[in-house]
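Peer 1: These are the residues of each chain, in order.
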Amino acid sequence: MISRRGALIAGGTGAAVVAGGGAAYLVATGDKPEPAAPASVDARGKLLWRNWSGVQHAYPAARLAPKDEGELAQALKTGQAPIRPVGAGHSFTALAPTDGTLVSLDAMSGIVGWEGDQAIVRTGTRLGALGPALAEQGRALPNLPDINKQSLGGALSTATHGSGQTLQAMHGDVMALRLVTPSGQVIDADARKNPEIFQAARVSLGALGVITQVRLRTGANRRLRRHVWLEPFDEALAKADARWAQHRNFEFFAVPFTGLAVNVSHDETDEPALARGPDQDVAFLQALRGLRNLLGFATPLRKAAGRALLSTAKPEIAVDEGWKLLSTERPVRFNEMEFHLPVENQLKALEEVVATLEKERPDVFFPIEVRRIAGDDAWLSPFQGGARGSVAVHAYYRDDFSFLYPLIEPIFRRYDGRPHWGKLHTLNGGQLAALYPRWKDFLAVRQDLDPEGRMLNPYLKGLFGVGA
Amino acid sequence: MKRALVPVAAALLLAACGPKTPPPPTAEQALALRPADARLASLYETSCHACHAVPGTGAPLVHDRAAWDGRYKRGEPVLLDHAIQGFNAMPATGQCATCTPDDFRALIRFMAGREDSAK
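If you read the protein sequences in the order shown, they are chains Z and H. Here this note's numbering is used: the first residue of the first sequence is 1, the next is one more, and so on. Here this note's numbering is used: the first residue of the second sequence is 1001, the next is one more, and so on.
Calculated directly from the structure, the hints in this document are not laboratory data. There is no bait here: all hints are sound.
Partial list, derived from the structure: chain H residues whose beta carbon lies under 7 Å from chain Z: (1) G1058; (2) D1081; (3) G1086; (4) A1089; (5) A1092.
Even for Gly, the Cβ is constructed at its ideal location relative to N, Cα and C.
All chains should be built: construct the whole structure from the sequences, respecting the hints.
Peer 2: Have a look at this one:
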């Protein structure tokens, strides 16, 4: 995400000055210190687990990395509960923390077979490794999220998504799956065989057991033309719907306190490859952080300086295979809230979010990501029932993010948003039941597969409204 | 003129006598470096390589002694804590859920160009 923004400033002399020499001064004037870290080892001698952003942590009694389904089944049957599967720890919600058993599928990764153009992939595979592995066969996932560090299992289980009006979230391409349940049973499911389990499990937060492999629909590994350009926020808003209709992949970022937006499109092309330049993520964010630190006390001044600084940016064009362009590194950590809204509400909600941040939270400097995703029919998919538009608000990992709950979440809820399962929100039980027509059906499948709640940590018990 | 050259010559002499810091790897060399142990190489590839093998990410580059030596002088326990807890841009454990403290020590030594420090 960030590099999509950052690429814009590659040609921006002014931005480069701030991002380079000036940044050291600017960022020194208002930054918070590194947040205090939990101890590396607890009183029992158990090693710390912490999520990517640092807001979740636990000291699991056991950490297991089974090598096959037999080992996994044994671990699920006999391991100390709560048993929680973990991938790359990119969720901001408390899906993974456990004092019991943490299960990683890092030892169960790779493509293990093909059925026509559908790849059978073990879910410990990291997305960053899946792209080149599929490309060796001339295939690609139709879409990718903008971070590729996640495990496939983690990404699917939280309804992780990219952006494109006709493109579904990743779980939309799951044609079949294999689930190992807490009782050690191995269940194969697809739209015909065990269809209820299939629809429940495709997005299931690791609450039904552990999905070990999926059969994924793939597309031809096409070359994409990437275009990143800047324009006034009002113009981006006015043209966004047309751009979602026009481009294979389209998203944009509202840059608060600048009046600007960054557009990012990807379209299939036969043009020759054109290398993407060096990543400018950190420089771009340093520039925005510097503006915040120096001029955060005076929004009009900050906006004027931001526009002057960023408007010199030149558009970026790159041509390459999709898996090389759609996902990027994200070296700057943050915390995030993202809701998926009915498309007719998306841009109205975005306008309110930007106005609210600019009025109430001058400490925010991260751009706001705006995407659109096609609908699907997985029971707990935020995109169940039709296309949704997502809006994501980020806070630098050293900064306060608690404002997201009282200030931003009510806007998303007023516009009928559904929360991203891996990102910050406060919804649970009845609130979620009102948003998901198959909520009770999911809970019934969960109860059937895990009657003792071995897969439920305190967070999931609260989320599902299951007694502690 | 001669007086001006004396300190320069002395500095050159001292530099020649002191321990030499090996040059940092090229970008291509950094991308290709892997621990000799296959399991460690796998952990490195999944959890360290994306940042520590790519110049400009902000992470000290693998085998770049100039970048690592100052950090290494603070002691392995400090680096181990940073690896486990996360520090600045680095996420906790490099998001390796099953790495042990010994794994982290070995990975730190490899990246710092200090494999010879392993006992």
